[in-house]
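Peer 1: Listed below are the residues making up each chain.
There are 2 protein chains.
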Amino acid sequence: MGVVDDQPPQGEPAPPRIGFIGLGVMGRPMALNLLRAGYPLTVQSRSRPPVDELVAAGAQAADSPSAVASSADVVITMLPDTPDVEAVILGPDGVIDGARDSLLVIDMSTINPLGARRVGAALAERGAAFLDAPVSGGQRGAEEATLSIMVGASLPDFERALPILQALGRNIVLIGEVGAGQVAKACNQLIVGATIEAVAEALTLAERAGVTPATVRSALLGGFAQSRILEMHGERMLDGNFQPGFRARLHLKDARIIQALASEVGVELAGFAPVAQRLQQLVDGDLGELDHSALFKLVADQG
Amino acid sequence: MGVVDDQPPQGEPAPPRIGFIGLGVMGRPMALNLLRAGYPLTVQSRSRPPVDELVAAGAQAADSPSAVASSADVVITMLPDTPDVEAVILGPDGVIDGARDSLLVIDMSTINPLGARRVGAALAERGAAFLDAPVSGGQRGAEEATLSIMVGASLPDFERALPILQALGRNIVLIGEVGAGQVAKACNQLIVGATIEAVAEALTLAERAGVTPATVRSALLGGFAQSRILEMHGERMLDGNFQPGFRARLHLKDARIIQALASEVGVELAGFAPVAQRLQQLVDGDLGELDHSALFKLVADQG
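Chains as they are written, first to last, in the numbering used here: chain A, 47 to 349; chain B, 47 to 349.
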């Protein structure tokens, strides 16, 4: 190819170079989707095999978050919890060390909203932009690029990130300023956890009272008790199918984020408190790798 | 009209004579719907005005439950709670005293499922049939004949009752044997109450964390947190509209039924327990006449 072919055609600027940090269960398929969408990609992760896989698929590898940042226009992080994100972005040799003025950092992990605001503020001081963009939809959503993405950002930053997010998900909503995506995710996990517990209690009550739980579930789907959880997780409970899905130990992590946030902003979550306890009980009972609908087992197996 | 005209045409037997006991907020419009559907109706109620209204609309009045039963093929009861139903059907001068062999009793109140089974068993000893058929859909559903009706009965009794129930509601499901309708209703109220509390906690958390709750609600309706409650009661909460709907004090009554049943069959309802406490708190705070979505006020007004 000649020199002319290497120049982007007028009106079609070269796609931004993306750095991706955290190639776990979710991050690995998301990074692959970015490659498939044609983005030049640099990756970094704690474990070697997914890095090798991504390199084989066409990505570059970098040795540190700062190295990822210095070679990228946009850095995406997909990490387990708040301290991981703070360490990778703000810590020694972190993203912030390699950040240039125009860098956009998109954290897609589920973390404490106040942590997200801290990270966003620190990056802003260096002239870099930050979006919190936690997802729901699980491993399958990551693989099929059908994730729901809840975004906290300024409108211009959101618009800059949108084409990239569209390579990863489908239902992409700007909730509010930085941190708002994480707040929405916390609200989501609160409602999902509480509803799973309620459905588990109701179906167990039906069974113990001598009534077929499947019939109760069907009847209730036609009324005010209808929910996506009654429909999908209710069916899992009836089938005794607790293969994840979304692991109970991750929902416990999210429950701690929810409770920390509630405590920070002064809301008592009387209804959610026992749900968090049940998730802890699942993990303590070595059931943390099961789907969160396994809350049903704790209710059904009692007495 | 001649004598011949008073005979039902062949193949169209005369409609059963119905007795209706309990003309409260729900019972009054239900009885009117039965009259409109062409059923000969005898009514009885504690307070006089709705009796007068029904008589003006074409019903007969009777002085006691036994008098209602002796003039009817089918008796429907719509009463506040388990003891009321037991007194009206099994007590002195009760339905059972006027019951003939072919009598069908349909209790549409929301009561303890084990109470329903006791009533059904006592009637069966006298050769009378019993259905428990609690409803959901509230006053509007009663007025518009769009109630959801959850039925516990034998199949022949269900089939005998069905045309009558179709004059009162739309979504009519046979759940199982006698008592099963009440079990399904208890499960419904458990899930509805717990979901209202979860939505109230989530929307309050969003607001306190500085994020617009309406945006969070909209975003969450697209994912796993979706429910009829998030949709309808979530909107009530955002609008601060707590006109019933379904009164908190009635949900508290149902909560006691749920907890009594759970205790009787040995299920611990860890998640529902604080929801029942919150409903008690609403009633104690003179908010029991508000819609049950007023649980939001308890969460939002704290701190």
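No wet-lab data here; the hints were simulated from the structure.
Think of the CB as a built atom: it goes at the ideal place given N, C-alpha and C, for glycine as much as any other residue.
Among the hints, a few may not be true.
[Claimed, not checked] Covered stretches of chain A (in silico footprint by chain B; criterion: 3 or more residues with CB under 8 angstroms from a CB of chain B, positions within the stretch not fixed): (1) 98-106; (2) 110-123; (3) 255-264; (4) 273-283.
[Stated by the list, open to error] The calculated lysine-lysine pairs, modelled on DSBU-like cross-linking and capped at a C-alpha distance of 30 angstroms, are: (5) A:Lys343 with B:Lys299; (6) A:Lys299 with A:Lys343; (7) B:Lys299 with B:Lys343; (8) B:Lys343 with A:Lys299.
[Claimed, not checked] Derived CB-CB ranges, DEER-like: (9) A:Asn217 with B:Ala83: 30 to 36 angstroms; (10) A:Leu208 with B:Asp332: 48 to 54 angstroms; (11) A:Glu190 with B:Pro129: 54 to 60 angstroms.
Peer 1: Take the hints in turn and mark each one as holding or not.
Peer 2: Results of checking the hints against the structure:
1. 98-106: violated (count 0)
2. 110-123: violated (count 0)
3. 255-264: Contact hint for the region 255-264 of chain A vs chain B: holds, 7 residues under 8 angstroms.
4. 273-283: The restraint on the region 273-283 of chain A holds, since 5 of its residues have a Cβ under 8 angstroms from chain B and three suffice.
5. A:Lys343 with B:Lys299: holds, 28 angstroms
6. A:Lys299 with A:Lys343: holds, 20 angstroms
7. B:Lys299 with B:Lys343: holds, 20 angstroms
8. B:Lys343 with A:Lys299: The hint holds at about 28 angstroms.
9. A:Asn217 with B:Ala83: 30 to 36 angstroms: violated, 45 angstroms
10. A:Leu208 with B:Asp332: 48 to 54 angstroms: holds, 50 angstroms
11. A:Glu190 with B:Pro129: 54 to 60 angstroms: Between Glu190 of chain A and Pro129 of chain B, where Cβ atoms are some 55 angstroms apart, the hint holds.
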